[in-house]
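Position chain U against the provided structure of chain B, taking the given hints into account.
Residue numbers (our numbering), protein chains in the order written: chain B, 68 to 465; chain U, 68 to 465.
Think of the hints as simulated: they come from the structure by calculation, not from any bench.
Just so you know, these numbers come straight off a predicted model, no measurement behind them.
Each hint should be verified, as a subset may be incorrect.
Identical chains blur together in the list; that is why a pair holds if it fits in one copy or across any two.
[Stated by the list, open to error] Calculated lysine-lysine pairs in the DSBU-like style (CA-CA distance at most 35 Å, straight line):
1. LYS435 - LYS269
2. LYS269 - LYS72
3. LYS412 - LYS374
Number of protein chains: 2
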Amino acid sequence: MNEMKNILITGASRGIGLLTAKTLAAKGHYVLASMRNVNTQNAGVAAELTQWASANNHNLEVVELDVTDEDSVNRAIQTLEARVTIDVVINNAGIMPCGITEAFTPEQMAACFDVNVVGVGRVCRAVLPHMRHRKNGLIIHVSSNSGRLAMPFFGLYCSSKWALEALAESMHYELSPFGIESILVEPGGHETDLIDNPPSPKDLECISSYGEIAEAPDNLKQAFRDMFAQKDSSTDAQNVADKIASLVCMSAPRPIRSSVGHDMGIDEINRLSRPVQANFIDAFMPLANVPYNTDNRLFVKATIQFKPEFAEQGINAIKQIMPQTLQEAGCQLFTLMKDNDDQKKVHLFEIFDNQDALDHHYEQDYTKAVFAQYEQWLSTPIEVSKMHAASPLTSEQL
Amino acid sequence: MNEMKNILITGASRGIGLLTAKTLAAKGHYVLASMRNVNTQNAGVAAELTQWASANNHNLEVVELDVTDEDSVNRAIQTLEARVTIDVVINNAGIMPCGITEAFTPEQMAACFDVNVVGVGRVCRAVLPHMRHRKNGLIIHVSSNSGRLAMPFFGLYCSSKWALEALAESMHYELSPFGIESILVEPGGHETDLIDNPPSPKDLECISSYGEIAEAPDNLKQAFRDMFAQKDSSTDAQNVADKIASLVCMSAPRPIRSSVGHDMGIDEINRLSRPVQANFIDAFMPLANVPYNTDNRLFVKATIQFKPEFAEQGINAIKQIMPQTLQEAGCQLFTLMKDNDDQKKVHLFEIFDNQDALDHHYEQDYTKAVFAQYEQWLSTPIEVSKMHAASPLTSEQL
Numbered sequence: 068m069n070e071m072k073n074i075l076i077t078g079a080s081r082g083i084g085l086l087t088a089k090t091l092a093a094k095g096h097y098v099l100a101s102m103r104n105v106n107t108q109n110a111g112v113a114a115e116l117t118q119w120a121s122a123n124n125h126n127l128e129v130v131e132l133d134v135t136d137e138d139s140v141n142r143a144i145q146t147l148e149a150r151v152t153i154d155v156v157i158n159n160a161g162i163m164p165c166g167i168t169e170a171f172t173p174e175q176m177a178a179c180f181d182v183n184v185v186g187v188g189r190v191c192r193a194v195l196p197h198m199r200h201r202k203n204g205l206i207i208h209v210s211s212n213s214g215r216l217a218m219p220f221f222g223l224y225c226s227s228k229w230a231l232e233a234l235a236e237s238m239h240y241e242l243s244p245f246g247i248e249s250i251l252v253e254p255g256g257h258e259t260d261l262i263d264n265p266p267s268p269k270d271l272e273c274i275s276s277y278g279e280i281a282e283a284p285d286n287l288k289q290a291f292r293d294m295f296a297q298k299d300s301s302t303d304a305q306n307v308a309d310k311i312a313s314l315v316c317m318s319a320p321r322p323i324r325s326s327v328g329h330d331m332g333i334d335e336i337n338r339l340s341r342p343v344q345a346n347f348i349d350a351f352m353p354l355a356n357v358p359y360n361t362d363n364r365l366f367v368k369a370t371i372q373f374k375p376e377f378a379e380q381g382i383n384a385i386k387q388i389m390p391q392t393l394q395e396a397g398c399q400l401f402t403l404m405k406d407n408d409d410q411k412k413v414h415l416f417e418i419f420d421n422q423d424a425l426d427h428h429y430e431q432d433y434t435k436a437v438f439a440q441y442e443q444w445l446s447t448p449i450e451v452s453k454m455h456a457a458s459p460l461t462s463e464q465l
Numbered sequence: 068m069n070e071m072k073n074i075l076i077t078g079a080s081r082g083i084g085l086l087t088a089k090t091l092a093a094k095g096h097y098v099l100a101s102m103r104n105v106n107t108q109n110a111g112v113a114a115e116l117t118q119w120a121s122a123n124n125h126n127l128e129v130v131e132l133d134v135t136d137e138d139s140v141n142r143a144i145q146t147l148e149a150r151v152t153i154d155v156v157i158n159n160a161g162i163m164p165c166g167i168t169e170a171f172t173p174e175q176m177a178a179c180f181d182v183n184v185v186g187v188g189r190v191c192r193a194v195l196p197h198m199r200h201r202k203n204g205l206i207i208h209v210s211s212n213s214g215r216l217a218m219p220f221f222g223l224y225c226s227s228k229w230a231l232e233a234l235a236e237s238m239h240y241e242l243s244p245f246g247i248e249s250i251l252v253e254p255g256g257h258e259t260d261l262i263d264n265p266p267s268p269k270d271l272e273c274i275s276s277y278g279e280i281a282e283a284p285d286n287l288k289q290a291f292r293d294m295f296a297q298k299d300s301s302t303d304a305q306n307v308a309d310k311i312a313s314l315v316c317m318s319a320p321r322p323i324r325s326s327v328g329h330d331m332g333i334d335e336i337n338r339l340s341r342p343v344q345a346n347f348i349d350a351f352m353p354l355a356n357v358p359y360n361t362d363n364r365l366f367v368k369a370t371i372q373f374k375p376e377f378a379e380q381g382i383n384a385i386k387q388i389m390p391q392t393l394q395e396a397g398c399q400l401f402t403l404m405k406d407n408d409d410q411k412k413v414h415l416f417e418i419f420d421n422q423d424a425l426d427h428h429y430e431q432d433y434t435k436a437v438f439a440q441y442e443q444w445l446s447t448p449i450e451v452s453k454m455h456a457a458s459p460l461t462s463e464q465l
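In isolation and in its complexed conformation, chain B is listed as follows (with noise of 0.2 Å):
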């Protein structure tokens, strides 16, 4: 679980990007630091991140890598992967505009998709050969609520990041056969320098025809910063560079979406769209006829062991509660069996969509809430086995 890996960030001169390279870094992880322009506008905090990597006996190296530049990509990817073997890359670059959609010109909208989707496709292009070669390797997409929610003058930005979930769900399919995961981080809004001076539109000939209208940025900007200043814990960009080294150290599968602070209901989204997901790939893959296995279910087993003056009373709780519980958590099936030799001990069989699904439903308050009280009741703590779809099954494992 917690092996060091070899980790190229983009974007790692300034907020998210630079905490997350310090982070995984402070983890023990060789962590190669890429940003644009390290001799000439990032030099100074390249030479501030190597100085701290070097005071801090981290393992860093900044990397001059511009997402928009397609020799700048390869070179740099192709040199480092001539002495390391790039196991984790974070599609972190981007950039955030912010204004009335009218407003920016085609340029502009071109520039945006440039660094936030095209950009993203350069870094895996020149990574997934050697990933795919090695089958092994996991990306992960930096990308935002925004990226499934459509949000008045951000529409630009909105766009982008949507565009950048298909292409990173899309190819989370398509590079499974090869033990290559494709990711997605979806933070919400969090106090970096990315609000303070986003790309705003350049046709003010525009804006200014929205008349009182064309406020709206400068107070949304406006109503952000003075919610960061709040300071409140769920604004802590920290969170994501956590949540991202939580995903580096967790073992496939991986939530193919992991939202971070305020979701603003793309939890909710995320959630019920799954499903629907799910079984679209179902339909989907057998017309394309190639080996490919879809399957990311996972089959859990829970035993539960009462002690003997709760047995009775601990089974009718499950029957009762369990079903509906589990079904609300996307569970597909459901069975309860008493132990042949031991009245006092059930095993549960559950099939959960995906990692994701199984996660969601521990992480309920319901089902917490439920576990608490049946801590009382047992002999020994439950015991949960789980196993991949794909996985052989055998007798002894159920």
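Okay, now just chain U, sitting in the frame of chain B:
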């Protein structure tokens, strides 16, 4: 409802664009059927379309417009607006790349976004100042069910359509104060020549390194062709043209999203994510602090007059059945009041998120079954009156 409108459509040289242009012209609208290369590559189809319109006495003119060329877009729209009021724009021009996502070059990715997303931006930027000035207008964006699902081997296409969805929906909110609607049509697979020769990835070395999996895109294309060969009515592209025509005729507020054909689950995604998005807008827009009314909710009052012998039975049935069916429809409030003067009459008060939710409710088989059952109990048909939340409510109305 059925007034003649001046309608500009892009990509009218073939497929859905051509069918839609003809369908709208046949319904009596003035159609500006735009396409690129009117004098070269598309000279044949342009002449044919003009002759067809003339022979059938329809109002249709072919217009040169290349969505990837800002000058071409501006020239076409300014020339038209000098003599015609463009009431409706149908952003239809688009390409559908198909292949391994990694194997598309950055240039190919950029070209896809240039047509499918930035092209829409160019057209909107040219026409919206006129529409905003008139405080009237309708923009229909032709998306896809690929705009709501992640489809392996259509990753780049999905990415561009997700981008279009976010752009269109963000503009929907930004333009609503001007009385302009920006809405989406989401066709499933329909029989057009789009599937015959879609842009394929140019990185052949990458493709070959995918081994057997590289056959997936061709297999998928063949599966679509096989599906179309069955001539099932649900894949008839005329359905898309008819849906667009019906949206043109519909009075505002129109649904933000309308699927056509095999929805592959996107109706469910649209329905499930709609209230989350609506709640987000309710929370977000006040932060913008500009004069703005996001409220698309509809107040519905239904008055039901029972025959004397069925009054008690009917009212009990409503009490039992309606709360659940309305809740399932996303109805926010439900009040049942007996009429003060007539014990055989009841009034139902309902609030729907928007016209879409209301339509969805009435389209359900379950709702239809309930209505059919009521019919025999009623002395007069159910009276339904609706109004927007934005309208002032008077005591007469509620």
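Quick rundown of the hints versus the structure:
1. LYS435 - LYS269: Intra 51 Å, inter 52 Å, cutoff 35 Å: neither.
2. LYS269 - LYS72: between (42 Å within a copy, 33 Å between copies)
3. LYS412 - LYS374: Intra 9 Å, inter 59 Å, cutoff 35 Å: intra-copy only.
Hint compliance for this structure: hint 1 is the single one not met.
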